[in-house]
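S.K.: So you can see what is in the structure, the chains are spelled out below.
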Amino acid sequence: MSLHTHHGGRGGAGGAHDGVSEVVAVADRITTAIETVIEGKPEVLRIALTVLLAEGHLLIEDVPGVGKTMLAKALGRAVDCSVQRVQFTPDLLPSDITGVSVFHQDRHEFEFNPGPVFANIVLGDEINRASPKTQAALLECMEERQVSVDGQTRALERPFMVVATQNPADMEGTYALPEAQRDRFMARVSVGYPSPQSELDMIDSHGSRSPLDSLAAVTNAERVRDLADQVRSVHVAPGMRRYVVDLVNSTRTSPELRLGASPRATLHLVRAARAYAALDGRHYVVPDDVQALAVPVLAHRLLPAPEAQMERLTAEQIVAKLVARLPVPGPN
Amino acid sequence: MRTLMPLATLVCLLLAMPLLSSLLRGPWWVPAVVLMVAVTAVSALYRLTSWNLLPVPLLQLLAAAVLITPMFAAGDALAGVVPTADSIAHLARTLQQGLNTIDTNAPPVAASAGVPLIIGVVFVVFMITADFLAVTARCPGMVGGLLLALLAVPLVVEGETLAWGAMAAAAAGFLGLLAADMWVRGREWGMFVPYEGPEARVLGGLRRFAVTAVAVTAAILLALSLPAAVPSLRSDVFNDLADGTYIRTGGEDITTPHPFVSLRRDLGSLSDRTVLTYRSTSDDPDYLRMFALDEFDGVNWTMTPVNASDDNEASGELPLPAGWSEPAPEETVTTQISMDSDSPRVDFLPMPYWASSVEVPGQWYIDPASHMVFTTSSPTTGLNFTVESVEHQPSGDELAAAGNPRSLGGGHLDLPDDLDPAVEQLTEQVTANADTPYERSVAIQEYFTDGSFTYDLSPPSAPEGVDPLAHFLLTDQVGYCEQFAGAMAVMARQADVPSRVAVGYTAGENIEGDRWSVTVGDAHAWPELYFEDVGWVRFEPTPASSDAGQGSATVPEYSSGGRAPGTDPVELPEPGAEEPAPPEPSTPADEPSESPRESESPEDEASAPMADGGDDGTSDTDLSWLPAAGAVAGGLLLLSLPALARVLVRWTRTSGLPGAAPVAGAHTAWRELRDTWLDLGGVWDLAESPRATAERLAGHDARTRAALWRLALAEESARYAPAPADGTGLREDLLTARAGLMSAASRGARLRAVLLPRSLPPWAAPRPAPAPA
Chain A
0 MSLHTHHGGR GGAGGAHDGV SEVVAVADRI TTAIETVIEG KPEVLRIALT
50 VLLAEGHLLI EDVPGVGKTM LAKALGRAVD CSVQRVQFTP DLLPSDITGV
100 SVFHQDRHEF EFNPGPVFAN IVLGDEINRA SPKTQAALLE CMEERQVSVD
150 GQTRALERPF MVVATQNPAD MEGTYALPEA QRDRFMARVS VGYPSPQSEL
200 DMIDSHGSRS PLDSLAAVTN AERVRDLADQ VRSVHVAPGM RRYVVDLVNS
250 TRTSPELRLG ASPRATLHLV RAARAYAALD GRHYVVPDDV QALAVPVLAH
300 RLLPAPEAQM ERLTAEQIVA KLVARLPVPG PN
Chain B
0 MRTLMPLATL VCLLLAMPLL SSLLRGPWWV PAVVLMVAVT AVSALYRLTS
50 WNLLPVPLLQ LLAAAVLITP MFAAGDALAG VVPTADSIAH LARTLQQGLN
100 TIDTNAPPVA ASAGVPLIIG VVFVVFMITA DFLAVTARCP GMVGGLLLAL
150 LAVPLVVEGE TLAWGAMAAA AAGFLGLLAA DMWVRGREWG MFVPYEGPEA
200 RVLGGLRRFA VTAVAVTAAI LLALSLPAAV PSLRSDVFND LADGTYIRTG
250 GEDITTPHPF VSLRRDLGSL SDRTVLTYRS TSDDPDYLRM FALDEFDGVN
300 WTMTPVNASD DNEASGELPL PAGWSEPAPE ETVTTQISMD SDSPRVDFLP
350 MPYWASSVEV PGQWYIDPAS HMVFTTSSPT TGLNFTVESV EHQPSGDELA
400 AAGNPRSLGG GHLDLPDDLD PAVEQLTEQV TANADTPYER SVAIQEYFTD
450 GSFTYDLSPP SAPEGVDPLA HFLLTDQVGY CEQFAGAMAV MARQADVPSR
500 VAVGYTAGEN IEGDRWSVTV GDAHAWPELY FEDVGWVRFE PTPASSDAGQ
550 GSATVPEYSS GGRAPGTDPV ELPEPGAEEP APPEPSTPAD EPSESPRESE
600 SPEDEASAPM ADGGDDGTSD TDLSWLPAAG AVAGGLLLLS LPALARVLVR
650 WTRTSGLPGA APVAGAHTAW RELRDTWLDL GGVWDLAESP RATAERLAGH
700 DARTRAALWR LALAEESARY APAPADGTGL REDLLTARAG LMSAASRGAR
750 LRAVLLPRSL PPWAAPRPAP APA
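Going line by line, the protein sequences match chains A and B. Take the first sequence: its position 47, counted from the start at 1, is 46 in numbering that gives the first Met the number 0, and no numbers get skipped. Take the second sequence: its position 673, counted from the start at 1, is 672 in numbering that gives the first Met the number 0, and no numbers get skipped.
Do not take every clue at face value.
[Unchecked claim] Label-pair restraints from in silico Cβ distances:
#, chain 1, residue 1, chain 2, residue 2, range
1, A, Ala323, B, Ser639, 34 to 44 Å
2, A, Arg144, B, Arg207, 55 to 65 Å
3, B, Leu734, A, Asp203, 44 to 54 Å
4, A, Pro195, B, Arg695, 28 to 38 Å
5, A, Ala323, B, Leu734, 28 to 38 Å
[Stated by the list, open to error] Chain A is faced by these chain B residues, among others (derived, beta-carbon under 7 Å):
#, residue
6, Arg184
7, Gly185
8, Arg690
Source of the hints: derived by calculation from the structure; they are not laboratory data. A quick note: this is a predicted structure, and the numbers were derived from the prediction, not measured. For every residue, glycine included, the Cβ atom is placed at its ideal position computed from N, Cα and C.
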C-alpha cells in the first residue's frame, strides 16, 4: 500500500476549510506523537487516525509482539481522553466489560459500577481469547454506542473507539471472531514486523524506559469530537458514492468470494473515506481515498471462495484486484 | 412516425425523376407520380396497423394494377375500371408501342401513350422496391442502388454529362431519406451522445467532419484514379451498355452503341464540334465509313455480330473486300486521320472504303465481309491512324456491265416477310423501266432525289400501327439520312440488288491544302449496293444541301445515270429552294417542332470526356502526370489527415483553455493529456484515479511531474469537489506536461504520435475492463 499524502496543492484550494485544515493540524500532531513510540508504520497510523475521526472501531490483527497494544495505548495517550484496557481471557464475563449494578446496604439502592467500556478509547487486548459470549457483549456496545444493564440504558460518551487486537486465528487458544462481529469493525490493519532500522532504533528507545511514559497528550476528547463532526461534512460526489457502491457490490458478485461485503461496509467505507480525505486536507473524497481504504475496510469482512483459497488468494489480494478493475468515476 | 419513412421514400424517388427529364418530352411523369403516390399511400396506411409487413409489396402491386387499367385502358375495361381481356391486350399493345417509340426515336422522346405507361411501371416497381428496402428492411442506403440505376439511364442513352440540377435534386432526396431514417431511429432507440462537455460539440463536429472528409476524398480519389489504373473501366463505360451491335471475342459478346443512336445524337447536336481531321492525298476524298448494317428487321437496320479473333487482326495489309479476288488497279489514297481528343471514343474506325492497309496503335480487328475495323478493348481518345485505301470510282459503264450478283454470301437480299406490300409495289413501279441492277439502283436513287422528299432532322413519327418505312416512302416523305439510306437499301434488296446501310461521316470540309475537317454535323448514313465484279459501291439518296439536306454529302458520279468519267459531280436540284414543305398535319402531341436537345451546350460536350484524360499518346501527353500527381497529392493529403485532425483537436482544446469554466477546462486539459499519452502508445487505465495516473506518467523531470500533478489535481477537483478550483495555468501545465511526455518517448513513438495519433479513432478511447469472468 503506497499512499501519497500531498497536502495542499490545488485539491484544497478554493475555500481551505478551516475544519479540514484543523483536522490536518491535529492529525499531524497525533502522528508525530505516536511515532515516537511506534516507528516506521505511517500507513497503520493513518488508518488508525482515520477510524478515530470516522468514529469507527479498529481491529489490529497480527502476530504477538509487534506492537499492537503499544499502538492502541499510544493513541489513547496522545489524545487526552479516558482510556480503558481490557485483557480478554477465556474466563472474562460480559459484566466485566459493561459493568455491574451493586446493591449498597447503607443506602438501600443499586449503584452502577461502570465497566471498562465506559471510556473514549477502549483497548480490547487479544479479543479472540475471550469466549464468544463476552465478545458479543463488547460488540453490542460497539454497535449501539450504549450499554444496557438491568433495564437501564446508558449512552457512551463520544468519541468512542474500540481498538481490539487479536492474534491470527491459527494461533493456539483463540476463538476467531465470527463474520458478523468482524463486520462491526470499520477497519482491520496489520502492524507487521518493523524494518531492521526501526527495530534498531526501537532497541535504543525502549532500552531504559518505556517511551510511552513520556508521551504527552496533544489534543483532547472534545477536540476529537469536533473534528469528527467536521469530517462528516466532507463532500462525497455522486460519482464517488456510486463508485463505493460499485466496489462493494463487486465483492458480492465476484466468484472468488464466498461472502461479500455488507451494506454496513458501504457506510463504513464512505465514512472512512471522508476522514481519510480530511486527513489529506481535502474537503471532498477522491477515488484514491476509497482505493487506499478498500483493503483495510473491506478485506476482513470477506470470505474467499474455496477455489480462491486453493489458489492461495487472500481476501486482501482479491479486493486489490477488484479495485484495479473498477473504473474510477469519470468527468460526468 | 410510421408514415414518415414511406413518405420520405416517396419524396426521394420523386426528386429523382428529373434525372430522366432530358430524355422525355411532354407530361410523361404524371401517371408515374399518381401510381407512386398511390402505392406509398397503401404502404403508409398499412403500416399504421401493427400487422405483419410482408404483404405490403403485394398490396402495393395490387393497387398499382388496379390503377393502371383506368389510367391507360379505360376504354376497353368494364366500366372503365375492371380489367378485361381486351384491356389487358390494349395495355400490352401500348407497352409495345412505347418500347418501339423509345427504340426508334432519338431523345428526347415524346411521351406518347406507351412511354408514360413504361415510365409508370418502372417507377412503381422502383417505388415498391424502395419502400421495401427503406421501410420494411430498414436499409434506406440501398435505395441508392435504385437511384444509380435511374442515373445510369441518361448516361447510357446520351453518354454525356448529367444535368447538375437533376443530380443535385436526386442527391438531396436520398440524403433526406437517410436523415429521416436516422431521425426515426433516434426516436426509437435514443441518440448516442458521447460526452456532454462544452468542447465536445466542437470535437464531435470535427470528428464528423473528418470522417466525411475522408469519405469524400477517398471517393473522389477512387473515381479519378481507378479508371486511369484499370483500362477496362472507363468513365464512358455506360456507353457500352447501350444495345446495338455485338462484337464476339471467343464466346464473349461485347456491345457497342447502336450506330443510329450516335448518328441521331451527332446530327441532333447543334454544335459544330470537330470529330476528326485528316490529311488525304486525294482531291475528292471518299466518305469515312464506320459501320455497315446488313440486317433489316422491318423497322431497324442492325449489324451482324462481328468476330474478333487472331485470324482477322487488322495489321498491315487488309484482306480484299467482297467482290475482289486481286488488288484493284486504281491508285491508292493515303489518309492520315486524327480523332479529336474531345470527341467520344470510337471502337469502329472511320475510314474510307475500301482500305488496303491500316496503321493504328492498339489491337484492332477487321471483319472481312463488311470491312469494318474495330477493337474489343477500350479505345483511346485522340487516336491517330493512317489508312491506305483504294480510290475505287467505278464508271457507270462498269456498273452497267455488272450482271446479277452471284458471288456475294450472306443474306444481303433478305427482307422480313411482313413488310408493307405497298413498298414492294413502289419498288416495282420505280424500277419498271430498268433492266440491269445498275439501272434499277439509279432509278431508286433518283426517286429519292427528284425533289419530292424533304430533309428534316426531326421527322414526325409514324402514327401508331403504321409501318414507318411505308409511311416515309409513301406518305410524308420527310426524313433524314437514316430514313433515306435505310429505305433505299430496302428498295434495292427488293430490286434484287444486294444492299446494306453504311454509317459514318461524309468527307467533311476542306480546311486548307490536303487537310480536311469533319464535324458532328457531318455524321451520315448512306446505302452501299453490291455489283458483281465491282463490289460494294456507295449511293447517295439523301438530299445534299446545306440548308435542306446533308450539307457535305456528295453524289458519286456513277450513281447518277452513267455519265462519262471526268464530268463534275452533279449537284442535285435543290429541294430546299422551295419552302420546306411542312409535314402532314400530325397529332399535336407528336409535334416535334422545337429542335431537339436545346439544353445541350458545347461546354457540356467538351467537358464530358475530361475526367478520364491522361493515358493516351498524343495531344494530352502533357497532362498524363495529372492522375499520378493527383494520386500522390491525394495520398499525402490522406496520410496527413489524421495528423491534421489531431492538431486541430489539440488546437481547439488548448486555445479554449484560458478562460474556460474550471470544470470544463480541467476536463479538456485532462482529455488532451490522455490523448497525448494514447498517441504515444501509452496505456490509459480507467480504474486509475487522476493522481495515480499522474504518478505513473511522470518521469524524472521535475517540471513535467509538477505540471502533471497540477493537472491531475485540477481534474480530480473538477470531478469530485463540490466547488472546483479555478482553472488558471492549465494551458501552461498542459503544454509543459505534453512536452515532457513527448521528450521522454522514443523517436519512433513521437513520429507515430504525430502521424498516426491513436487517440483519434473513437474505438481507441479507453474502455472499462470487461467484467470479471
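S.K.: Which of the numbered hints are not met once you compare them with the structure shown?
M.R.: The structure breaks hints 6, 7; every other hint is satisfied.
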